[in-house]
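Chemist: Each chain is listed here by its residues.
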Amino acid sequence: MELIDLTLIWVGIVAFAIFMYVIMDGFDLGIGILFPFAPGDKARDDMMNSVAPIWDGNETWLILGGAGLLAAFPLLYSIMLPALYIGVFLMLAGLIFRGVAFEFRFKATRNKHLWDYSFNLGSTVAAFAQGAVVGAYIQGFTTEGTSYVGGAFDWLTPFTVMTGLGVVVGYALLGATWTIIKTEGEVQAWAYRVAPWLLGTLMLFFLIVSIWTPLAHERVMARWLDNLSILWIFPVLTVLVSAVLMRALQQRKEVVPFLCTLLIFALFLLGMAISKWPYAIPPTFTFHEAASDPGSQLFLLLGFLFVIPIVLGYTAWTYWVFRGKVSGQQGYGH
Amino acid sequence: MIELDPVLLSRIQFAFVVSFHAIFPVFTIGLASYIAFLETRLFVTGKKVYEELAHFWTKIFAVVFGMGVVSGIVMAFQFGTNWSVFSYAASNFLGPVLSYEVVTAFFLEAAFLGILLFGRHRVPPGMHLFSAFMVAIGTFISSFWILSANSWMQTPAGVELVNGHFQMTSWGQAIFNPSFGWRFAHFALAAFITGGFVVAAMSAWYLIKGTAVESSRKALGSTIILLAVLTPTQAFVGDMHGLDTLKHQPVKVAAMEGAWETQEGLPLLLFAIPSQSQEKNFFEIGIPKLASLILTHDLDGEVKGLKEWAPEDRPNVFIVFWSFRVMVGIGLLMIAITLTGAFLHWRGKMFDSRWYLRIVSMTAPLPFLAVLAGWFVTEAGRQPWLVYGMLRVEDGITPSLTGWMVLATLIGYVLVYAAIFAAGLYYLSRIMRAGPHAYPIKTDDGTGRPKRPFSAVDTSIDSHLDQKAPHRS
Chain A
1 MELIDLTLIW
11 VGIVAFAIFM
21 YVIMDGFDLG
31 IGILFPFAPG
41 DKARDDMMNS
51 VAPIWDGNET
61 WLILGGAGLL
71 AAFPLLYSIM
81 LPALYIGVFL
91 MLAGLIFRGV
101 AFEFRFKATR
111 NKHLWDYSFN
121 LGSTVAAFAQ
131 GAVVGAYIQG
141 FTTEGTSYVG
151 GAFDWLTPFT
161 VMTGLGVVVG
171 YALLGATWTI
181 IKTEGEVQAW
191 AYRVAPWLLG
201 TLMLFFLIVS
211 IWTPLAHERV
221 MARWLDNLSI
231 LWIFPVLTVL
241 VSAVLMRALQ
251 QRKEVVPFLC
261 TLLIFALFLL
271 GMAISKWPYA
281 IPPTFTFHEA
291 ASDPGSQLFL
301 LLGFLFVIPI
311 VLGYTAWTYW
321 VFRGKVSGQQ
331 GYGH
Chain B
1 MIELDPVLLS
11 RIQFAFVVSF
21 HAIFPVFTIG
31 LASYIAFLET
41 RLFVTGKKVY
51 EELAHFWTKI
61 FAVVFGMGVV
71 SGIVMAFQFG
81 TNWSVFSYAA
91 SNFLGPVLSY
101 EVVTAFFLEA
111 AFLGILLFGR
121 HRVPPGMHLF
131 SAFMVAIGTF
141 ISSFWILSAN
151 SWMQTPAGVE
161 LVNGHFQMTS
171 WGQAIFNPSF
181 GWRFAHFALA
191 AFITGGFVVA
201 AMSAWYLIKG
211 TAVESSRKAL
221 GSTIILLAVL
231 TPTQAFVGDM
241 HGLDTLKHQP
251 VKVAAMEGAW
261 ETQEGLPLLL
271 FAIPSQSQEK
281 NFFEIGIPKL
291 ASLILTHDLD
301 GEVKGLKEWA
311 PEDRPNVFIV
321 FWSFRVMVGI
331 GLLMIAITLT
341 GAFLHWRGKM
351 FDSRWYLRIV
361 SMTAPLPFLA
371 VLAGWFVTEA
381 GRQPWLVYGM
391 LRVEDGITPS
401 LTGWMVLATL
411 IGYVLVYAAI
421 FAAGLYYLSR
431 IMRAGPHAYP
441 IKTDDGTGRP
451 KRPFSAVDTS
461 IDSHLDQKAP
471 HRS
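Chains A and B are the protein sequences, given in the same order. So the first sequence is numbered by this note's numbering: it starts at 1 and just counts up by one. So the second sequence is numbered by this note's numbering: it starts at 1 and just counts up by one.
Chain B extracted, bound-state conformation:
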């Protein structure tokens, strides 16, 4: 029989459930702000086009947020089920931080999302707008805490290890640990870019189809301009985050660059097949000295290679190296697309350039891939450490765990997530196919009940009868 390794399987399980989960919040964080923007425009101008857009994107938000919530509950328990020794060791820091996330963000999002979704005609317009803002703010507070926790695992600070137990020495240093700032900025921008690309892609698609033209032009015009600012900014922030990593986790950067030997004038590799066991790359294609220039701002700057660290202290180079290239490649593509769009828009030609609309309509998956690739770089690059430099992965695992237990639940999660993901995509595609114009006036699907009390008069005789049904007494 094959020996099932609970550590490896737990890592695969965690990578799977967290990657699956991450897709949803990274989209809803950006989208929540967009909805708050639309609701503000609606509140100020009272224009129907904003109501149409706000309503439509809120509907999509609800489905995506729902999937994010249910997959997020899983995360709250993964720490304890599979990594109990780590949870116990880091509980003094992680416990309060995760609890603060729940009370300052999750409750806020959940309560005001209920109002945003169901309360449009039950609260004054101002309260409804307020709810949209609370949801958007909640998503940001949530990412603040969770990125602080994640960042602390990358660059632990404000703690000391006493008998295998992390004890707090400074809350400020722990929460605002060294890599937190750039990491948070990098992620927040990624979330905005993700939301922006989905909105832009959908709007471009409607324009090609010739439906919902007015609202789609509004949506595409504003998001392309926004994205043309955000994507180059992200390149800069990403670079700063990378330099920060070089300072705190040089071995991760060495893996990102595929640099085995310490050298001056390190080339920027465009392609290579790194081999962990032979400690070298095959089929290298690179631009001389460029990596040194980027990392040290000097053509002949010295960059430490992987061999400076013992083999057991190195991350998986192939995964880190290629994830990094996927992320950067997609990032550059996104910059090119949005700058082209901004140029076309400036010349007043964007809405008539069908070739461009067609390209944009296909870009929705790009930011998601880039975000996942980025997470793989930073998380796989943290290996073999769970808390960088302080607690190794294999020392954090739950002792009572056997390989088959992890395998069984891993298969379970894959099946469950595949089912709900397929269903979720199917229903999302139905909402999207129906388009923004389909919503404010139409009656609710299936139930025959109206969406708005004002139109209730002629369509909902049934529900009026219901209301008058006699009480049993």
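This is chain A alone, in the form it adopts within the complex:
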């Protein structure tokens, strides 16, 4: 009797929230990852100022991802979080240390370097943990009934370490290309120098993970071999976009590199989702089985349709207010 497939819509919404989080917090986590390598304290001030007014909003997408998952796919929420227990703790501890660094760093005098470390370490740990979460998700979870029954460190394997490091490098690339947009002079020149190296390393990780995933997971392998024609679009597009990105960096374009990096992340997420479809938790539960009651999905959907465009509207407006280069502008002046 269903006219519209609510679950399908919710897959789209949750995927959108996760994507928004990855690209938005991705670049400000990336700023943190690159922090110790920046050329001097002035550069660090600029980099931090470039994200200070917006990081809080960016991180809110993570909370939406968590709450949205609970609302739309509670089974996924209540299996993933126990399975990733220790990893989630590390991610949260990382996010705490980097989050407070925004306020504390500019208030500190003698201990400023301490908050530099806190910002850097917190961002790196959080990024790594998020990458490991993605890896663990690809890996799958041991379940019984509707509960996770595996061990505390099942999520930490050579494969997830690889995906964790991959995300650290990917976020760093987002951070570097964001820095290109928001700064000028010495800082920008430095960002132009590091971006190609980050891109190269990211491609290396991409290659390893792309080969490793199908080899280690028969189901993914079968999926890739079955649908050769469609699925291979993703790696091919990724390589193409990277080439465009590399060229844009050489030509000293300012906005194109960042957009290309976003595209790479989008392609990666899409490729992963399609390798898994229609399973939310392979091989046990499909998205439809992991979904909440249609009534709850509908109740929230109606609100979202109204509220999310407003959220996107005023978020875009704040980005507009803080547009332009950060150096020489008003500092952390509140």
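Don't read these hints as lab results, they were simulated from the structure. In this text the structure is predicted, and so the values were computed from the model without any measurement. You can take every hint at face value.
With the C-beta cut set under 7 Å, the calculated list includes, among others, these residues of chain B facing chain A: (1) VAL63; (2) GLY66; (3) THR104; (4) MET168; (5) MET405; (6) VAL416; (7) TYR427.
Virtual Cβ for every residue (Gly too), placed ideally from N, Cα, C.
Following the hints, put chain B in place on chain A, whose structure we already have.
Modeler: What follows is chain B alone, placed relative to chain A:
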């Protein structure tokens, strides 16, 4: 080896992270409204004193809000990590409610806080004022949703339990569940009172020191008057909330009163050491019949005692009993302080009564203690239920959790929070010591960059050079 109980440890962990988190929003909700008030006065009158105050309290707001945000992210995941069975069971209700909190409140606060903090000279004054209001409204919307969720766990409604899964029967009844109204009013008032006391205490302290006299007089005068209205109102609302609890959760009220036996003319105990195992109190000191009068509005009214319920269905009486006394005791103290202040102010003597200023300057911790004690009453009083009368705590825990996992992360959270709390207090105390007058004119600490474009001309040669640095091409 000692057996580590994941249920007990998870409860301790949740109590710790939520108590730590609650400190910040309870302060920022009140403070956000105060800042919106100051910004309005600034907008209307254009007086410098309001700019000084708005700027100063926004700076403090930023630090406190930052700590609230990071500790709040933890809360979004605690449900899933430690209470996955509960999360799954209650997801049909909790999922949408928490999601609505994110999209209607968190985004609003985050986006407009950015404008409030960094955008004073990038948007027109009207937009800046608008942002202050959006932040204040956001904090209220947020507490609406989270208190609805909490209240639903206390007095579940609008759902039926089917195969261990809550299914919605009425969204209206679930969101506006029986104890929501008074609970929300009680909390909102508590938030205003908390913000008010911090502002009053700081202002009194500046007046003693003789700094920022004009702005501090303005701030103290208006907050004391406001508090003198709010604190007695809170006593009334709290009483109504208590009567509401008697209707829906009588065992909680029995624990609050330390009443083991059902009796008519229940005394109001001022002191007692309740013993859970012996089912009685030691060293009781009480006022005869007063509890019956308060609860039933009749000196000989009957109040049900704890023994009406099976031992395993009773909350921890000692915690509930004493938390309640701490909350009420501090509440009465706050009423006395603010009424005294209002009287002195009416006679025009408040600013010259150094003894009074000294007392007020020390009151900042009081509302926080009262709020935490209140939460302990209502949350410990809900035990042993997770969703009152429907799902017990031990049935909501994550099955794969082992004791050491919870212990390790509990120790981790304690260490992390201790570090950031110490740092946060240190930086707050520095801002506070510098005082309101230190901000609008001074250049930014450390960076040597000016705070306002107008003063940029003579101080920021560096940044002008930066601006003209050649592009690489």
